[in-house]
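J.: Join the two chains, each given in its own frame, into one complex according to the hints.
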Amino acid sequence: MNSTLESWSDGDSPVHPLSAIDFLPLSQLRAMQLYRLQSIVRWTYQRVPLFRERMRERGLTPDDIHDLRDVAKLPFTCKADLHATYPFGLFACSMQEIVRLHASSGTKSKPIVVAYTQEDLEVWASVMARTFLLCGIRRGDIIQNAYGYGLFTGGLGFHSGAERLGATVIPMSTGNSDRQIMIMKDFGCTAVCCTPSYFLHLIERARDLGVDLRKHPLRVGMFGAEPWTEAMRARIQDEAGIKAHDCYGLSEIIGPGVAAECPYQNGLHVFEDHFYPEIVDPDTGEVLPEGEEGELVLTTLTKQAMPMIRYRTRDITRIISDPCPCGRTIRRLARIRHRSDDMLIVRGINVFPSQVEEALLTVEGTLPHYQIVLTREDNLDQMEIRVEVTPEVFADTVGAMEQLRQRLVHQIESTVGLRVRVRLVEPQSLQRSEGKAKRVLDLRNQGANGPAPHHKGGTNS
Amino acid sequence: MKIVQLSLFLENKPGQVFRICRILAEAQLNLITLCLADTQQFGILRLILRDWQKAKELLETHGFVATTTEVVAIEVDDRPGGMARVLEVLSEHQINIEYLYAFTFKRGDKAVVVFRFDRPDEAIAALQQAGENVLGPVELYGDTN
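Here the protein sequences line up with chains A and B, keeping their order.
Residues 1 to 461 in the working numbering are what the first sequence lists, from first letter to last.
Residues 1 to 145 in the working numbering are what the second sequence lists, from first letter to last.
Just chain B, same shape as in the assembly (with noise of 0.2 Å):
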């Protein structure tokens, strides 16, 4: 239950994320969300869309670089505590958080976090086994028609 994201390596100079959404947007591709982590000097913008494929061949070909990484998403409460719940099940099984971010979900009560672990898999099987929502593409992609 994996989910591509897209990541883009781009330089701290203005202009620079619009550049990519405007690319997105005339091709009629909508980003379900994205994150920025940045340095003094460069920055990774990390996409989830469902037409990643798509996006990936628009940017590489307008000279960006991209890669695709598997993250997991998973469904957290929206209200106090739900997230410290999943942490706990995380620290319990020794599983390292690489980086997350989180954004809420059409459905409002419910909120997403995404996050990329070193170790996905047991990652996946170990909060699905504590009852936690881990969402695939449908669920994530389906809303977006």
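Extracted from the complex, chain A is given alone in its bound form (with noise of 0.2 Å):
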């Protein structure tokens, strides 16, 4: 065992060992990069026929590439790309070298495949123990892990990033709640990951139980796989007493590891000796200015298994160059609030299910569980948020209760520029998931082909 590890205290620099890189000389970062782009475009070029054949439509080689801004230059990866080529298409390596597979849950009939050699896997520790040690958590935590284990990457992505840094993992998994408290309260938990939506539940359910987290060690959240608002980070950090990391990641890239926020709580600092981030125009493709909002796009400097070269995230945001007050060197990307993927198109207006939870927030203060029921009457879609009644607003009076809604309605129709139909439900009406929260019920076109495809691409868009 490395002894500098294991003698490593705050008290002595504030940099863990792990943590070194997040601090390097931009200089020295920006050589790094170049010369590990360099390399896995070589890499890329010579084992994945896909990416030869694009390179050449383009009349480009490896040795092309000069500058770091010479990435602009290369052919995007995109979602399609994975499917087409599914299950091994885009691997660069054979399955001598490779030692892990893991796969989306995804809505497609087919998964998601992403692979790993051993060297892969170590990246993969290496960047979750920095994403654990941002969030402040050091050797002496006691971690409960409540991602999915399994194909899902969460589960042994964390699990792999506490054991790399040394801490305690208790390898939960999702589900069964009441035991996830039980665990949390008799073993002294200092921190939690988990998706938000999961998180808001268990912190309902402890309530239920009687158990109030505010009482408890647990000290952090880190928590991912799907957007959130700050005023869910609100409730959650005021309700558990806890400070809530907004951790992010895609398994196509490498899984949780990729950007996480640091104790300052204004952007992920994202891990960019080994994960290039860009910002371009989602509609062109061209590459935006520094700073300005768009899909986020991602090139893994060193994975060996599974290269992704411009991989087309879906993911609005925007890249943060200004210096965190916390001395890392590596940049921040925005929180991010919608995912292109989530966007519905309804009559012809873009709406993000992140809208409509900010109105509900501005009229409620706390976020009510809710969900977005999509119809088509006489050929036109309609929009119903339903939501259900907390203990918090329900008023005696017919009045007052029409009033709330007429307050939900004003407030989400300025926020989306939609009509839209409130319906006020009991409380546990609406369905709930275990993992990732069921937001949208699409049924328009319901009876010809089954729900009708409302993500940005499909074929009503």
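It should be emphasised that the hints constitute simulated quantities derived from the structure, not laboratory data.
Certain hints may be false.
[To be verified] With a straight-line Cα cutoff of 20 Å, these simulated SDA-like cross-link-like pairs (lysine to any residue) come out:
1. A:K215 x A:H201
2. B:K2 x A:A395
3. B:K56 x A:T397
4. B:K54 x A:L209
5. A:K215 x A:I203
6. A:K185 x A:I203
7. B:K56 x B:G81
8. B:K56 x A:R205
9. B:K13 x A:S429
10. B:K13 x A:V425
11. B:K13 x A:R386
12. B:K56 x A:S429
13. A:K79 x A:R52
[As the list claims (entries may be wrong)] Over the 12 Å line for every Cβ pair with chain A, so calculated as not near, a few chain B residues:
14. S91
15. I95
16. A130
Here the structure is a predicted model, which is why all the values come from computation and not from measurement.
Cβ atoms here follow ideal geometry from the backbone N, Cα and C, with glycine treated the same way.
T.: Spelled out as structure tokens, the structure:
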């Protein structure tokens, strides 16, 4: 065991040895990125036929990368490429070298398959250990990992990082909320990892069981795998008495461990020594000027088994280059408020569920359980928001409840720019999921070919 | 002399009131009266019962949203003009009624009207001054033993 790691404590130095690379001088970081970019382009060109073909179509060879800006010359990779080459078509290594496969849950019939060599797993554990350090987790912390273990990258990704750091990890996986709460309480867990919606569910359940999480040692939550709002964060921090960090990743790139928030909570530091970020116009693919909002594109600089060159994440964000008070030189991504995949097109207007959430929060102060239901009447899309009535907003007169409903209608309409219906429903009547919240029910085109594809890029866009 | 009323949020769908009544019945909780206010979309069920605390807890564990409100129960003569006399007092004092519902009591010659006022304390004072019988919990629940 590495003696530096064992003897390290916050008092000696503000920089944990595993995090040192987060603080690299920028000139060194850029030089490292360029060297790695050139290497990965060569690696991928030699080993992945689809990439080689696309380079040739553009008259490019790996020798054309002289500068980091040259990344913009390279062809994009998108989710459709992964579907088209299912299951192993974009692998750059043979099974002799591959030691792990994961797959996305995905709503499509075929999942996306991702592969890791032994070295890839080492990198993954190291970026996850850096993620824990960013969130203020140290050796001695007891981490309850409630991300799903299995094909999903969440569970094993967080698990390996916690072990690399030397913290104590409890491999709970997701589900069985009462048991989660019992373990959290009895084992004195200091950190929890899961989706934010599942943690809200745990808070509710804990309250039902008479457990006040604020009175327990739990101090940090690491939440990701779905978009969540600042108001959800405020509620989690307040009701559980913890610091809630946003963690970002996607299995196509590596899984969790791409970017995460430091305690300043002002953007997610991206581990850009391994994942090179760009922001492009989602429609034209043009690289946007620094600081502008657009679609995040990531290039894996070191991944061997399945390198991704300029992968279109469909996540909308911007890059923050200003120095962070924490001292890290790696840049930050603004919190991802929407995933372009979540975008609904209703009567030709783009609507994100996060906009509806913001409106609900503005009116009610906390986020109630809600569901967006899309139907089609007389060839016109109808959007109904079902909102569960909470004890906090329930009043005894019809007038007061009708007023609440009207305020919700008004706030949602002014946020999304569409006429909507709001239906107040009984508590616990909307579908819950133990993992990701089921927020959208699209019943348009039902009967003909099942629910209509509502995603951007679907047949009705 | 205010009475605690239990209010529940209900969606407009068949079987909802039955569900609530069955839960209360299984716990041997007796209702004094109940009243349903409804709109096209939802309803508010208002219950008067002695063990309202127990009922609230029980219904909440069954997932209902419940709240309590203070209402005023007034005994009114069960004959023409009985109600008008009460309303006249309220009108004179400019007291606003948010809602009301009535039921007949076991004694037969009297009806009970439950009011929700915007200013309940003033209403009670005015009615008592005018000689009306404002019922307290003992009188209201006493007969149900």
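J.: Against this structure, judge whether each hint is valid.
T.: Structure-based check of each hint:
no., hint, in the structure
1, A:K215 x A:H201, "holds, 18 Å"
2, B:K2 x A:A395, "holds, 18 Å"
3, B:K56 x A:T397, "holds, 18 Å"
4, B:K54 x A:L209, "holds, 18 Å"
5, A:K215 x A:I203, "holds, 13 Å"
6, A:K185 x A:I203, "holds, 13 Å"
7, B:K56 x B:G81, "violated, 36 Å"
8, B:K56 x A:R205, "holds, 19 Å"
9, B:K13 x A:S429, "holds, 12 Å"
10, B:K13 x A:V425, "holds, 11 Å"
11, B:K13 x A:R386, "holds, 15 Å"
12, B:K56 x A:S429, "holds, 19 Å"
13, A:K79 x A:R52, "holds, 18 Å"
14, S91, "holds, 21 Å"
15, I95, "holds, 16 Å"
16, A130, "holds, 26 Å"
Checked against the numbered hints above, the structure breaks only hint 7 and satisfies the rest.
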